[in-house]
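With chain A's structure known, arrange chain B on it following the hints.
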Amino acid sequence: MEWFFQQLINGLALGAIYALIALGYTMVYGVLRFINFAHSDVLMLGAFAAYFVTPAIWKIFPAQSITGALLITLVTALLCAGMGILIELLAYRPLRKRPKLTVLITAIGVSLFIEFTCQHKAVFGSKTRPFPQLLPMHDFHIGNLLVNSNDIVVLGVTVVLLVALWFIVQKTKIGTAMRAVSFNMQAASLMGINVNRIVSFTFGLGSALAGIAGILYSMKAPGIEPLMGIQPGLRAFIAAVLGGIGNLPGAALGGIVIGIVETYAGGIAGVSNYRDGIAFAMLIGILIFRPAGLLGKTTIEKV
Amino acid sequence: MMHSGAKRSLIIAIVAAVLLTPLLEWIAHTHSTKYFNTYYLGIGIDIAINVILAVSLNLINGHTGQFSLGHAGFMAVGGYTAAKLTLALQSHTLLWINPILFGGSLLLGGLMAALVGFAVGVPSLRLRGDYLAIVTLGFGEIIRVVFQTTEFFGAATGLPGIPNWTNFGWGWSLAAITVFVVACIVNSTYGRGFIAVHDDEVAASAMGINPVRYKVTAFVTGAFFAGIAGGLFAHHKRFLSPTSFDFMKSIDIVVMVILGGMGRTPGVIAAAVILTVMPEVLRGFAEYRMIIYSLLIIGLMMLRPQGLFAIGKRTVKT
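The listed protein sequences correspond, in order, to chains A and B.
For the first sequence, numbering that gives the first Met the number 0 gives the first residue as 0, with consecutive numbering after it.
For the second sequence, numbering that gives the first Met the number 0 gives the first residue as 0, with consecutive numbering after it.
So here's chain A without its partners, still in its complex pose:
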């Protein structure tokens, strides 16, 4: 029983990070209908941005202070948003009218480009670097359960961001425009919505979330390196499909489910070796039995 709750806490914290990344995939898919493979690399860039920004900010604010951590997160989010907008502008916008497969291959190319450029010794190099500890760490004991302060931070930040995102998408003007574009891009542009601006905004928003997820992920990971984004990125993508791609609550739910299942699987001897395959097995299962995802609506294809 203890083991059950302990894994649940760990799984929730991991799942929250997957959920944040999955939101970026699902938002981009909702607007442009393609998988942004480079999304996982924005996560990595976010981790590195925080890594380089931290010493500068700690000169102004005391190290490990909450203000400092908030400021680091904000700067990282802004940098990543800029990066996401830039990727869309340079690589995806010229291909907007092309077949989806062309864009998909380009996205793989962009992802490889970022990874290999960052691995070059003149950029970040391929060795693992320790991530600075942004906040003091405590362990809390609740009964026999061990709760790390990082897990609480991860969960807290995720909940705040989810609420903020819900507010932006549902209550603001630009959010309404986003929903309109994802519903029907052509009709939206006829209604006077500047589609290019909305697409840029979507990329910016998704990438900012990925950047913050990068910080949260690095807080729990042993270190950061240029290929760190691939594994959480793939999991998060699967989470987005699991929840129903294009569906925001679905992405959050999918992330939590993947995180929890993976953590439980990792805790069972014998199954733990197959941990890397479990998320994919879930993906294949969902695509076969419910291709629209858990919360997605089945669409009818018109000929």
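These are calculated hints, taken from the structure and not from any lab test.
Mixed in with the good hints, there may be bad ones.
Ranges of calculated distance between the beta carbons of each label pair, as one might list FRET restraints [said to hold, decoys possible]:
# : chain 1 : residue 1 : chain 2 : residue 2 : range
1 : B       : Asp198    : A       : Pro290    : 20 to 30 angstroms
2 : B       : Asp198    : A       : Arg289    : 26 to 36 angstroms
3 : A       : Ala55     : B       : Met247    : 46 to 56 angstroms
4 : A       : Gly269    : B       : Met247    : 24 to 34 angstroms
5 : B       : Gly283    : A       : Ala55     : 34 to 44 angstroms
6 : A       : Gly269    : B       : Phe238    : 21 to 31 angstroms
7 : A       : Val194    : B       : Phe35     : 55 to 65 angstroms
8 : A       : Pro129    : B       : Tyr38     : 35 to 45 angstroms
9 : B       : Ile291    : A       : Ile141    : 33 to 43 angstroms
Each residue gets a CB set at the ideal place from its N, CA and C atoms; glycine is no exception.
This is chain B only, laid out in the frame that chain A set:
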């Protein structure tokens, strides 16, 4: 239509490859120079393996228009199966039996890969476009994880000590057979179905073509040849490790198909040759190699999505 000369060309190609082998090996061993030595002979075999992989993937991605990102997984199945069979049965006394065993290993590797291809293809080929790409990527990863955790296949440390049986003749004969078989399939009456599925699935099924059946056929055939390439790879490198069959390997093969022009066998062969030789030529710029490679993919998609060597009568449908 398949010209009657095609079969003759195939036989000539196989005979030439088999007869050239002892000559090339003799030259490489005795007259080793800077321009020709066993290392270059090895690259010649690498090229043949990549031609098989690219041409077989072209049947799935190019001719039938199904985007598969898991070709390395089938290669792994074929490679491990063939290597295991060889290691179990190889004879050190009756040497004449080994070539027969090698042929059998390759065939079994191909058949196992085809079987896995069938198991993967039937559920996943109901999906399209990027979903299919992700599911095949997923299957490729699952196959890799299985080999990585199974002790029988050497788990993460890999499978060493495979005899060095792949030579120039084996490699190029099988490459010629692959090209021949794929050309025969595509140019037959049956093969028109693949192209119909590629061009318009709905229209094809209205014409009485069962798209799923054609897709699965293409997938299984492609997987079979990928398995054979895996067997050749295993007996060429003499060592198998799960990391040889990761996502990047699948991407490499996909890039060969894209660079050559989807559905164009001569272009794809040219691309396989170029992309195998290029890393060797660029060895001095190893750090920049992969950056150039990724820029090549992006640039190609922006400027020439139909492929570099896409010349011929079939126009690309967007």
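Check your understanding: Any hints this thing doesn't respect? Which numbers, in order?
Key -> Per hint list: 3, 9 violated.
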